[in-house]
Amino acid sequence: MTYVQLTFFDLAGAAALILVNGALSLAFRLGMERSLAVSTLRMCVQLGAIGFVLKFIFAQTSPAWTLGLGLVMILVAGREIAARQETSFEGLWTYGLGTASLLFVGTLGTVFGVGALIGPEPWYTPRYVIPVLGMLLGNTMTGISLGLDTLIGAARRQKAEIEAQIALGAARFEALKPTLRRALRTGMMPIVNAMAASGIVALPGMMTGQILSGVDPVEATKYQLLIMFLIAGGTALGVLVAVLGAAWRLTDERHRLRLDRLRASRG
Amino acid sequence: MALLDVAALEIPNLAPVSFTLERGECLAVQGPSGTGKTLLLRAIADLDPAGGRVFLDGLERNAMSAPEWRRHVRYAAAEPGWWEATPRRHFGDAVKAEALSKTLGLAASLLDRPVAELSTGERQRLALARGLMDDPAVLLLDEPTAALDPKARSAVERCLKKLLTAGTAIVLVSHDRAQAKRLARRKLAIAGGRAKVGAL
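In order, the protein sequences belong to chains W and X. Counting along the first sequence from 1, when you hit position 4 you're at 4 in this note's numbering, and nothing is skipped either side. Counting along the second sequence from 1, when you hit position 130 you're at 130 in this note's numbering, and nothing is skipped either side.
Hints are not guaranteed to be accurate.
Pulled a few chain X residues facing chain W out of the computed Cβ check, cut under 10 Å [to be verified]:
{"id": "1", "residue": "A45"}
{"id": "2", "residue": "D57"}
{"id": "3", "residue": "E60"}
{"id": "4", "residue": "N62"}
Capping the alpha-carbon separation at 20 Å, the derived lysine to aspartate or glutamate pairs in DMTMM-like fashion look like this [as the list claims (entries may be wrong)]:
{"id": "5", "chain 1": "X", "residue 1": "K181", "chain 2": "X", "residue 2": "E157"}
{"id": "6", "chain 1": "W", "residue 1": "K177", "chain 2": "X", "residue 2": "E68"}
{"id": "7", "chain 1": "X", "residue 1": "K181", "chain 2": "X", "residue 2": "D149"}
{"id": "8", "chain 1": "X", "residue 1": "K96", "chain 2": "X", "residue 2": "D135"}
{"id": "9", "chain 1": "X", "residue 1": "K196", "chain 2": "X", "residue 2": "D176"}
{"id": "10", "chain 1": "W", "residue 1": "K159", "chain 2": "W", "residue 2": "E253"}
{"id": "11", "chain 1": "W", "residue 1": "K159", "chain 2": "W", "residue 2": "E86"}
{"id": "12", "chain 1": "W", "residue 1": "K159", "chain 2": "X", "residue 2": "E143"}
{"id": "13", "chain 1": "W", "residue 1": "K159", "chain 2": "X", "residue 2": "D48"}
{"id": "14", "chain 1": "W", "residue 1": "K159", "chain 2": "W", "residue 2": "D252"}
{"id": "15", "chain 1": "W", "residue 1": "K177", "chain 2": "X", "residue 2": "E84"}
{"id": "16", "chain 1": "W", "residue 1": "K159", "chain 2": "X", "residue 2": "D149"}
{"id": "17", "chain 1": "X", "residue 1": "K96", "chain 2": "X", "residue 2": "E84"}
{"id": "18", "chain 1": "X", "residue 1": "K96", "chain 2": "X", "residue 2": "D112"}
{"id": "19", "chain 1": "X", "residue 1": "K102", "chain 2": "X", "residue 2": "D134"}
{"id": "20", "chain 1": "X", "residue 1": "K181", "chain 2": "X", "residue 2": "D135"}
{"id": "21", "chain 1": "W", "residue 1": "K159", "chain 2": "X", "residue 2": "E79"}
None of these hints come from the bench; they were simulated from the model. Computed from a predicted structure; not experimentally measured. By construction, the Cβ of each residue, glycine as well, lies at the ideal position given by its N, Cα and C atoms.
Build out the structure end to end from the sequences listed, making use of the hints.
Structure below.
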């Protein structure tokens, strides 16, 4: 496999394009210059660091190092879910729900996808496990964020409708059924849209990466399809676990709607 | 034995509330706005967590599931919620729904109108009809005629009197003192952080 190696001058040329974003922000007074600079810097530092970390971990082929990095990825993704919520649960519930769902999906998806389907030798080879887990977590995280945000937002807006059903004798999940349905649909929408657009509107990132590094496009497509199926299944499971967990926490054993367990909205 | 027995129910900013209610009796809850009248009804219906005990026919509410409790002890909110497009979809038995609507002075055709197009008074009466569908033993009514004209109010009061005669017990929150006198003999007066039962 051959590919054209990039120099720092190539990267600097590409980075110059960020100036377009900055100019846009200044011209239209969007006030995004600072967040743009911070985000750009964060991306460079994070990606630069992970490049070296991955190089080190790939050289170890140790299950402990792979597991350690996987856990860190899950914990950070869980924090990202909590940070994206307009309204969260009191305490660590939102973080816990997001992280637990990602842990479940990440473990199941990676063991099934890498261990059972791809089957490298040994199965925990970090070169396979880490990228697959990363793609799985990145997409599932978006689905869970959207699902939780939709559920909690709808429960607050539709308090009267939900409590009217509860007052008439409905059980908690019965009263929350339309809200749950909407949250599940919203959480799964991005991956359904991504599958529909794949190959026509955009070439997915992993496939592009493999093609650029010299892999046969048909082989790259097979990997991409496998990943997309894993992400689709993982997102569905993750959103389901997180949304059901949130619905359980939004109500109690006497089937009451417990909006008092939420923290005041941000902003 | 009293049909409803409320024993030291804990409502925020209110001393523990206790009272009993017999079959066919209406208790009028009176007091300035913001003193906890709605919270009291919600606590009896077990919609908010509250310390204290509530019994129905001698049976403590924790002895039955919460949905079952609320099928017997029915709370009707001052601003009822609707989760389907038309009122009819909220009722199981169409014949009974139409009969109840008629009793409350509403045309049966209103059941098929979009909820969003109904007036506040129509929605309030339809919500009351919805709450009566499975014949609850106790009704907890929060300002059931607040948005009604005198004719509609009379229709609701006639319906409530019929229910009282049939043995239903009613806890009625109403700012209308004349209405309270027409329906109830006793009141629960809330003032200065205390709720006190007395004659009307």
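Given pair status - X/E84, X/K96, alpha carbons within 20 Å: holds (19 Å)
Satisfaction of hint between X/E84 and W/K177, Cα-Cα up to 20 Å: holds (12 Å)
20 Å Cα cutoff - pair X/K181, X/D149: Given that 20 Å is the threshold and the Cα spacing comes to 18 Å, the pair holds.
Holds or violated: X/K181 to X/E157, with C-alpha atoms at most 20 Å apart: Between X/K181 and X/E157 the Cα gap is close to 11 Å, so the pair holds against 20 Å.
Distance restraint between W/K159 and X/D48, which requires alpha-carbon spacing of 20 Å or less: This hinted pair holds, its Cα atoms lying about 13 Å apart.
X/K96 paired with X/D112 [C-alpha distance capped at 20 Å]: holds (15 Å)
Pair hint W/K159 and X/E143, alpha-carbon separation not exceeding 20 Å: holds (19 Å)
Holds or violated: X/K181 to X/D135, with C-alpha atoms at most 20 Å apart: The given pair, whose Cα atoms are some 24 Å apart, is violated under the 20 Å limit.
Proposed proximity, X/D176 with X/K196 (alpha carbon, max 20 Å): holds (18 Å)
Hinted pair X/K102 and X/D134, Cα distance within 20 Å: With Cα atoms ~17 Å apart, X/K102 and X/D134 stay inside 20 Å; holds.
Status of the hint placing X/N62 at chain W (closest C-beta pair under 10 Å): Holds, about 8 Å.
Straight-line alpha-carbon gap W/K159 to W/E86, limit 20 Å: holds (17 Å)
Violated hints for the displayed structure, listed by number in ascending order: 2, 3, 16, 20.
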